[in-house]
Structures are given as structure tokens and as C-alpha cells.
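*Asks:* Note that the UniProt record's numbering gives residue 81 to position 81 of the sequence shown, counting from 1, and the numbers run on in steps of one.
If you're looking for bench data, these hints aren't it; they were derived computationally from the structure. Incorrect hints may appear among the rest.
[To be verified] Each pair of labels, with its calculated beta carbon distance range:
id: 1; residue 1: Thr231; residue 2: Glu308; range: 31 to 41 Å
id: 2; residue 1: Lys440; residue 2: Leu224; range: 20 to 30 Å
id: 3; residue 1: Pro305; residue 2: Lys342; range: 46 to 56 Å
Cβ atoms here follow ideal geometry from the backbone N, Cα and C, with glycine treated the same way.
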Amino acid sequence: MVSNEMELHKVDGIESNGLAEDSEYDPFRHRHVKKPTSTNGTIIHMLKGSLGTGILAMPSAFRNGGLVFGVIGTTLVGLIYAHCVYLLVSTSQKSCKRTRTPLLGFSDTAQSVFRHGPVSTQRFANAAKAYIDYSLLIVSFFSVCVYLLFIATTLHDVVNSKLDIDWDTRIYILLTAVPLIFVTQVRDLRYLVPFSALANALILATFAITLYYIFREPINLSGLALFPEITALPSFFGTVVYAVEGIGVVLPVENKMKHPEHFLACPGVLSIVLSFITVLYNVTGFFGYARYGAATHATVTLDLPNDEWLALSTQLLAAVAILFTLGIYYYVPMDILWRKVKHFFVPERHNLAQVAIRFGILVAMTGLALGVPELEPFIGLVGSICSATLGLLTPIVLDTVFRWPTAGAFGRYRWKLVKNLILMAFGLFILVVGTYFSIKDIVDIYG
1 MVSNEMELHK VDGIESNGLA EDSEYDPFRH RHVKKPTSTN GTIIHMLKGS
51 LGTGILAMPS AFRNGGLVFG VIGTTLVGLI YAHCVYLLVS TSQKSCKRTR
101 TPLLGFSDTA QSVFRHGPVS TQRFANAAKA YIDYSLLIVS FFSVCVYLLF
151 IATTLHDVVN SKLDIDWDTR IYILLTAVPL IFVTQVRDLR YLVPFSALAN
201 ALILATFAIT LYYIFREPIN LSGLALFPEI TALPSFFGTV VYAVEGIGVV
251 LPVENKMKHP EHFLACPGVL SIVLSFITVL YNVTGFFGYA RYGAATHATV
301 TLDLPNDEWL ALSTQLLAAV AILFTLGIYY YVPMDILWRK VKHFFVPERH
351 NLAQVAIRFG ILVAMTGLAL GVPELEPFIG LVGSICSATL GLLTPIVLDT
401 VFRWPTAGAF GRYRWKLVKN LILMAFGLFI LVVGTYFSIK DIVDIYG
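The whole structure should be built from the sequences, with the hints applied where relevant.
*Replies:* Next up, the structure:
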């Protein structure tokens with residue numbers, strides 16, 4: 001175990017910033033985390049970070065990408081995202097060694113990398129920290145809003161049709177907000193594990209029922225596209241990246257691990273989670289498109305028979321899964337927000353202040369969902385910009401800046417720099433694509 005830990009902390013054989021004492025400092029041995037999360041608990045949280053309603057959109061992605069290219073493209077995105085997560089966690093751990101700090105969050109890692117990087121980047125250290133903090137806050141809180149709308153809309157469609165009633169969507173938004181009062185008050189990652197586990201189980205149940213309907217009759221692959229039209233590529237990649245990406249939860253859960261050395265191990269948390277996610281998304285996308293062809297809807301549950309309760313249950317299961325997911329989505333922004341405001345309160349009032357802030361944010365998000373029914377395109381625009389930069393571009397930039405001052409850090413012929421530039425081009429492509437389609441949706445609705 002000791003040899004594995006030492007191997008994990010090597011900086012590609014290079015001593016960070018030229019300081020020999022870096023190799024003597026093991027941040028893992030200096031971490032003292034209250035109520036740490038087990039490796040299995042971390043796997044569950046990581047699965048929940050990437051395993052969401054995006055899986056239901058995979059057949060639609062394959063409709064745009066084709067059967068052959070769909071598998072290749074989804075696997076490629078999975079590998080790129082896994083590599084970006086590896087870069088982020090590895091850079092954070094190496095920065096901990098360099099600064100002799102037990103742990104660093106996402107924004108703290110960015111600040112440390114820029115502050116100890118090339119002279120030209122040092123003045124941007126505080127700006128990098130602020131950008132990541134506020135991007136995570138905006139994306140996470142708006143995600144709560146759009147998931148609240150998703151749950152309410154699903155309940156509205158299913159319950160109204162089956163009970164022959166005509167309740168407004170806003171009633172379901174208010175009803176959904178009631179259990180969220182309790183879910184969003186959970187502050188400890190360890191206590192969120194059961195919620196994430198239940199959410200994962202419900203999503204997998206939805207997946208299993210969907211597969212039942214897909215394979216209920218023989219599948220005919222004739223006439224289906226194998227490769228995409230060039231014009232459909234942006235939509236394909238945008239959907240897959242949205243489905244896979246969950247960068248916001250990565251460092252918070254890694255920092256809370258009882259055995260953080262297991263995160264990047266082989267096999268470890270990262271390799272297990274992303275391998276499972278990639279296979280699951282490929283299976284759902286391939287066979288969902290193979291069954292429903294060009295008629296595949298944006299969400300595969302809409303392709304299932306609407307006169308059978310088992311089929312309708314997939315929509316309800318997905319909605320309940322999202323309900324239990326909101327605990328982990330709430331954890332990240334509240335952790336950031338609390339660190340910024342807790343100094344305004346005396347220690348004796350910290351507990352009451354956290355309860356009030358968490359409740360107040362939920363009320364604000366509920367009010368936004370009630371007041372702006374067509375909120376999703378705007379959230380999609382913010383999410384496209386922030387998710388592409390946070391999930392793909394930021395880890396690449398941090399790795400590049402960290403290595404830049406050290407001779408030989410990019411390897412022979414600077415191949416790691418070339419690799420980073422190629423990945424950065426892909427990230428910029430996703431950024432432009434996501435922004436374009438989000439603006440197009442806004443124009444279609446309000447234009």
C-alpha cells in the first residue's frame with residue numbers, strides 16, 4: 001500500500017517547483033476528515049454525479065450519431081472526460097504536495113496552480129478561484145431549478161392523465177418542494193450515500209424497464225444510420241457530454257474519502273465509475289435507437305407505450321431518482337457558499353444559519369421555477385458555457401499551467417502539451433456547440 005501511495009504522488013518523476021522537500025510530504029497522511037466516506041460510498045456518489053436523466057437521452061444521441069459512430073463517439077467522450085477528471089485530481093494532489101496542504105478543493109486547486117505557475121499567470125490566481133466558485137454556484141443552483149421543473153412536469157403529465165384531473169404544473173412544483181426541504185438539509189456526504197444509492201437504483205430500474213420494452217420484440221437493424229451527417233455531429237457530442245459530465249462533485253467527494261489513494265488507483269474509483277457509465281450509456285443509446293429508429297424522442301421513456309403502467313412507471317422512477325439526487329447537487333454549492341459567508345455568524349449560530357440559508361435558497365429556486373416556466377433554455381445556456389469550461393477546459397488548463405515552469409514536464413517532444421492542445425480544441429468545440437443550440441432554443445421559444 002505504501003508503494004502504491006508513493007507512486008500516486010509522483011509528478012511524472014519531476015519534483016514540483018524544483019523543491020526536493022515536496023517528495024517528503026504526503027498530503028494523505030495529514031488529512032483529518034470528520035466522518036470520512038468509504039471507497040464504496042465514493043463510487044456511489046460519483047455514479048450519481050454522472051448517472052442522471054442524461055442516460056434517457058442517449059438513444060436520441062445515437063439517432064444523430066448512427067450506430068457505429070455512436071459507440072465510437074460515446075466511448076471517446078467517456079475516455080476524454082475520464083482523462084480530464086484524472087488531470088484535475090492529479091493536479092490537485094500534486095498541488096497539495098507542492099504547497100504542503102492536506103487537501104484542496106476545485107477553486108483552491110486553480111488558485112494554487114496559477115499562484116505557483118509561470119509569472120504571467122500568477123496575477124490571475126484569485127480570478128481563477130472566483131470564476132470556478134461562482135460557476136459552480138450558478139450551475140448547481142440552476143440545476144436544482146431545472147430538476148424541480150423536470151419532477152413537477154413529469155408528475156403533471158402522468159398523474160393528470162391517469163387521474164383525469166387538471167392541476168397546474170405550479171401545484172406540482174410546490175408539492176415537490178416539500179420533500180426537498182428535508183433532502184436539502186443533509187450536510188454530510190456520508191449521510192447522503194443512502195440517497196445517492198437509492199437514486200442510482202431507481203435510474204437502473206428505469207434502465208431495466210426500458211430495456212425490457214426495447215427487447216420485447218425482435219430488433220431489425222436494417223435501414224438505420226451507421227454514421228452521422230456532419231450537421232448532426234454537434235448535437236450528438238453535446239448530448240453525450242451533457243450526459244456524462246459531473247465534474248462539480250469530483251474533488252468534494254475525493255477530499256472526503258477515507259482512502260483517497262483509491263480514487264486514481266487502477267482499478268480505482270475513477271476507472272470503475274467511468275467504465276460502468278460508458279458501457280451503460282452505449283447499451284442504452286445503441287439499442288434504444290435500434291428499436292425506435294428515426295422516431296426516437298429526446299427522452300426514450302416517451303417512446304414507451306403510454307397505456308401501460310409499467311411503461312409510465314419509468315417516468316415516475318426517473319422523477320423520484322432526481323428528487324433524491326438533489327442532495328448531492330445541493331452539497332457542492334452550499335459548501336462553497338457557506339465558506340464564503342460563515343464568518344458573518346458567531347459559531348453558536350452556525351447551525352441555525354446553515355438551516356436558514358439552505359431553506360432560503362430552496363425557496364428562491366422554487367420561486368424562480370414558479371415564475372419562469374420556460375427556464376430550461378436559459379439554464380441550458382449557462383450550463384453549456386460553465387460545464388464545458390469546468391468539465392473539459394479547466395482541468396486541461398490547470399495541468400498545462402502546473403507543468404509549464406518545469407523543464408521536461410511535458411515529456412519527450414512535448415507530447416503532453418500537444419495532447420492537451422488537441423483536447424482543448426475539442427472542449428472549445430463543445431462550448432461553441434452547446435452555446436449555439438441553447439441560444440437557438442431560446443430564439444425558438446421567445447422569438
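*Asks:* Run every hint past the structure and note whether it holds.
*Replies:* Here's how the hints hold up against the structure:
1. Thr231 x Glu308: 31 to 41 Å: 36 Å, holds
2. Lys440 x Leu224: 20 to 30 Å: 26 Å, holds
3. Pro305 x Lys342: 46 to 56 Å: Check passed, 52 Å falls within 46 to 56 Å.
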